[in-house]
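Asks: Now for the letters of each chain:
There are 2 protein chains.
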Amino acid sequence: MSLLTVGTVAFDAIETPYDKVDRVVGGSATYITLAASNFYKKNNIVSVVGDDFPKEMIEEFHKREIDTAGLQVKEGEKSFFWSGKYHDNMIGRDTLVTDLNVLASFDPILPESYRDAKYVMLGNVDPNLQMKVIDQLAGKPDMIMLDTMNFWMDIAMDSVKEVLKKIDVLTINDEEARQLSGEHSLVKAAAAIFKMGPAYLIIKKGEHGALLFGENQIFSCPALPLAEVFDPTGAGDTFAGGIMGHIAASGDKSFKNMRKAVLTGSVMASFCVEKFGPNRLLEISKTDIDQRMEEFHALMAV
Amino acid sequence: MSLLTVGTVAFDAIETPYDKVDRVVGGSATYITLAASNFYKKNNIVSVVGDDFPKEMIEEFHKREIDTAGLQVKEGEKSFFWSGKYHDNMIGRDTLVTDLNVLASFDPILPESYRDAKYVMLGNVDPNLQMKVIDQLAGKPDMIMLDTMNFWMDIAMDSVKEVLKKIDVLTINDEEARQLSGEHSLVKAAAAIFKMGPAYLIIKKGEHGALLFGENQIFSCPALPLAEVFDPTGAGDTFAGGIMGHIAASGDKSFKNMRKAVLTGSVMASFCVEKFGPNRLLEISKTDIDQRMEEFHALMAV
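From first to last, the protein sequence lines are chains A and B. Adding 18 to a residue's 1-based position in the first sequence gives its number in our numbering. Adding 18 to a residue's 1-based position in the second sequence gives its number in our numbering.
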């Protein structure tokens with residue numbers, strides 16, 4: 019009975035029009051579990067790092083009751099490293115460096131204690147690794163959510179479609195939904211994607227918010243307009259973490275509760291972009307989250 | 019005591035990925051007044067057409083109690099004609115033909131009975147013509163809303179800024195808000211634009227909905243995800259017409275009521291795109307509008 023997250027734990031170097039940072043902890047699993055841990059306490063993480071990964075961050079995970087039995091530490095090897103530079107609009111970005119390092123040979127092995135996971139979040143990694151995680155589960159979880167991207171659709175669409183058959187919720191952006199379905203209209207894209215497996219589709223639109231599709235139901239969740247978007251890195255993962263944390267804590271996967279989950283994800287993502295990397299996520303309190311939730315309600319009230 | 023609309027009344031030829039139409043009635047004032055007339059009955063229109071303009075459409079205006087004393091009919095001349103072709107994404111479009119015809123010498127003269135207008139909607143025309151309309155008003159209206167576009171900012175920014183000093187509400191798209199303010203963040207753009215005159219800013223984002231900015235308040239209004247967007251022509255004008263119709267009918271320009279007005283505009287725009295030109299607007303009933311409003315509430319509920 020836990021929320022199992024698979025994804026990367028890594029270092030990022032990020033440059034934005036405002037500032038730059040040479041080395042900050044990043045990776046999808048980092049953002050997902052940090053966000054989820056605000057709502058749900060039984061978080062298990064499956065990932066891999068080198069021996070260069072800071073012990074302080076692992077202690078931070080433990081402080082938040084994030085179990086790291088599944089976080090493999092490879093002695094004498096280096097952690098995954100990504101470096102990117104954002105365009106002036108803070109949406110487009112160029113990847114400058116991708117050093118896979120430990121990720122090149124990553125084999126996501128689930129510790130025995132992880133296999134009865136009730137909730138599973140498959141972060142954006144190779145769809146074959148996502149499938150390998152599903153294959154190790156002891157039973158059928160209440161909810162499996164999967165994040166993926168155009169890169170995997172370009173080079174491994176068959177594998178993406180195989181893993182889609184096994185999941186409940188897919189989260190991708192609008193262009194990826196169009197690529198996956200071959201439909202321009204997001205309503206038609208959702209109908210096509212439901213036939214591939216998922217019961218819910220969450221379309222991430224960055225500054226334009228998100229759309230949650232269920233069978234014959236849609237929820238449009240706004241993004242909070244911000245005076246400054248400092249660093250968008252990890253916002254999509256943080257969004258997913260907020261969603262899964264809310265669902266795991268409430269144990270309710272109705273469409274009505276999924277609306278609240280998507281709103282919770284949007285609240286968490288709005289913090290993520292306020293500082294470099296996960297720095298803002300590391301400092302916010304329950305009170306900050308509640309206040310931001312009130313701001314979202316005011317934004318949507320009519 | 020009326021809602022005065024100035025804008026174009028024209029013919030359009032439209033091609034979309036779905037279909038094409040050689041000649042359909044269009045123009046900003048057409049869409050604005052057709053939308054507004056569903057909510058408010060004292061609509062006055064200031065525009066110009068040639069003697070080729072169909073009497074049936076003028077009769078349609080009269081059936082909806084739209085006063086056409088200010089609609090100049092130029093004998094022996096042709097109505098304004100625009101022709102455009104939409105890209106596959108139904109957002110981008112290429113203008114194929116712009117025949118100004120009667121619009122080239124348009125002098126917006128307000129009939130005496132129009133001058134005490136309580137509400138004024140300045141559709142997207144030359145900012146000098148918009149100013150000329152304001153100069154003919156007998157007193158200060160309760161609300162003046164203005165629509166403009168990047169074209170006028172490119173060639174007549176000074177005139178745009180002059181007329182902004184005189185208005186209450188500006189409606190433009192996100193890129194135009196950035197161009198006008200020099201700010202990428204829409205929060206900062208709104209603050210800069212408030213210093214130019216308007217008290218409210220409504221940013222149109224097409225399929226991503228709209229943002230209403232007031233002093234320290236924001237409302238995010240969704241767009242209804244549609245399986246088919248048949249023809250986006252006139253959607254922005256229809257949106258503005260719904261807003262002004264709601265405000266004129268309720269007589270309340272509080273931020274709270276402006277939220278409802280923007281939602282009403284979005285409801286009307288969602289109909290506009292369902293058929294070529296204003297065809298869908300000409301057939302919808304009060305019941306259709308109420309049902310669509312319910313769909314929007316379901317879309318936003320949390």
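What the hints contain is simulated information worked out from the structure, not anything from laboratory work. Beta carbons are placed, not taken as given, at the ideal position from N, Cα and C, and that holds for glycine. Mixed in with the good hints there might be a few duds.
So the derived list for chain B, only partly shown, Cβ under 8 Å to chain A, looks like this [said to hold, decoys possible]: (1) His105; (2) Asn107; (3) Arg111; (4) Leu182; (5) Ser203; (6) Val205; (7) Lys223; (8) His226; (9) Ser238; (10) Pro240; (11) Pro243; (12) Leu244; (13) Leu281.
Asks: Hint by hint, say whether it matches the structure.
Replies: Each hint tested on the structure:
1. The closest approach between the C-beta of His105 (chain B) and any C-beta of chain A is roughly 11 Å, which is over the 8 Å cut-off, so the hint fails.
2. For Asn107 (chain B), the shortest C-beta to C-beta distance to chain A is roughly 6 Å, which falls under 8 Å, so the interface hint holds.
3. With a cut of 8 Å, the hint placing Arg111 (chain B) at the interface with chain A is violated, because the nearest CB-to-CB distance is about 15 Å.
4. The closest approach between the C-beta of Leu182 (chain B) and any C-beta of chain A is roughly 21 Å, which is over the 8 Å cut-off, so the hint fails.
5. Given hint, Ser203 (chain B) at the interface with chain A, holds; its Cβ is 5 Å from that chain's nearest Cβ, closer than 8 Å.
6. Residue-level restraint check for Val205 (chain B) holds (minimum Cβ-Cβ distance to chain A is 4 Å; threshold 8 Å).
7. With 8 Å as the threshold, the beta carbon of Lys223 (chain B) comes within range of chain A, its nearest partner Cβ sitting at about 7 Å, so the hint holds.
8. The restraint placing His226 (chain B) at the interface with chain A holds, with a minimum CB-CB distance near 4 Å, inside the 8 Å limit.
9. Hint status for Ser238 (chain B) relative to chain A: holds, with the closest Cβ pair at about 4 Å, below 8 Å.
10. With its C-beta approaching chain A no nearer than about 4 Å, Pro240 (chain B) sits inside the 8 Å limit, and its interface hint holds.
11. Hint status for Pro243 (chain B): holds, given a least beta-carbon distance of 5 Å to chain A, under 8 Å.
12. About 6 Å separates the beta-carbon of Leu244 (chain B) from the nearest beta-carbon of chain A, less than 8 Å, and the hint is met.
13. For Leu281 (chain B), the interface hint holds, the least distance from its beta-carbon to any beta-carbon of chain A being 5 Å, beneath 8 Å.
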